[in-house]
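> Two chains, two frames, a set of hints: combine them into the complex.
Which chain is which? The protein sequence lines are A and B, in order. What the first sequence shows, in our numbering, is residues 49 to 168, in sequence order. What the second sequence shows, in our numbering, is residues -6 to 102, in sequence order.
Quick caveat, the hints were computed from the structure, so don't treat them as lab data. It should be emphasised that the depicted structure is a prediction, and the values quoted were computed from it without experimental measurement. No false leads were slipped in.
Listed next, the stretches of chain A that the computed footprint assigns to chain B, with coverage defined by at least 3 CB atoms under 8 angstroms from CB atoms of chain B:
1) 93 to 105
2) 156 to 167
Taking lysine-lysine pairs in the DSS-like style, the calculated list, with each CA pair at most 30 angstroms apart, reads:
3) 71/A with 60/A
4) 60/A with 35/B
5) 61/A with 35/B
If you want the footprint, here are the derived chain B segments under chain A, 3+ residues with CB under 8 angstroms:
6) 18 to 30
7) 33 to 46
8) 75 to 84
9) 87 to 93
Here a beta-carbon is modelled for each residue, glycine too, at the ideal position from N, C-alpha and C.
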Amino acid sequence: QVQLVQSGAEVKKPGASVKVSCKASGYTFTSYYMHWVRQAPGQGLEWMGIINPSGGSTSYAQKFQGRVTMTRDTSTSTVYMELSSLRSEDTAVYYCARGDVDTAMVFWYWGQGTLVTVSS
Amino acid sequence: DIQMTQSPSSLSASVGDRVTITCQASQDISNYLNWYQQKPGKAPKLLIYDASNLETGVPSRFSGSGSGTDFTFTISSLQPEDIATYYCQQYDNLPPEVTFGQGTRLEIK
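Looking at chain B on its own, in the form it has when it is part of the complex (with noise of 0.2 angstroms):
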């Protein structure tokens, strides 16, 4: 199995800053890479797909980077309601596997 290292696990910056979580995969999965947002009590939402793929109505703040094991999201400017944890998800297709990262808390400080 495929094992994701995302860090860090919490993070605090303030709004306006450059915010970056990385994640890092056990063996090459290509660009098999997505990240989501999730908010207290919701369920997560898609931001990108694909390692560098935006989702459509996604803000163009977000980005996504990388490919082979090491990947990188990155908000370019940090903004209130992106309080959240965010999680990288890997993919294989044959046969079906799903592993997720651990998550980073990202607070405003």
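With the rest of the complex left out, here is chain A (with noise of 0.2 angstroms):
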């Protein structure tokens, strides 16, 4: 079965960066697009972007260009998202999404999420 198994809870201070990783298993790893979506305390959800395990392209979010990096290890089917020059605003769960191959859009699995608290 499809799983995705998200890295622990992080804390960090304004300005440091912060790596989440999402590895993935129960299917060929390669074949699906992954998205980050994130949500901070008591509000909604938030798209990040999306990687293509394949090839390693992406496409981001214009809100947070610039800051965030999400690359893949096609060796351990492992996914990361990376976040810099963090803020307080960044608090937030930050989840790894699936797509499918004819619905790559629709969020049909989730990891459990990753609570990134960021302050000083």
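What follows is the structure, given as structure tokens:
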């Protein structure tokens, strides 16, 4: 069965960077796009971007352009999301979510979420 | 960017009630509209994709309709386990773009 297992909670200082991982199993890693979505405490969902694990191509939401980098490691079936220049507003739960072959922009499977806290 | 207006932001209903949530897009999005359920402390769960298709395993009391700019999500008979926040999500493929509605918090009266 499809599983997306994310790395543990992080606490970072303003201005630092954070790198969250999402390890996939139960399917062919390179065949399905992966997204990152975040949710600030008590707030709604916000899409950050998408990565094609096959070739590594990415597309980021305009809001995060220049601050986010999504990468993948096909040898470990893991995707990564790195967010730099952290500020308090980046405190949120970060989710990876997988699309499907014909419906890449539908979030069929989700990771359990990783809480990133930005605090001095 | 496409904006999604979801309403209401919160809703209180009784067990057995019919519940309706709406989402309006700022421009025509065809049927590129999905609905998710999120319970506290959990990741969202896909319920409806492409406006009206029920995800496998999701109870048939959930349904979706609409196209273009106006969409509706319905629970035909509210059950206690349906207490959650519901989100609509629009998408475009080229270039990739996703926008979520603000969410609707559903409570039992």
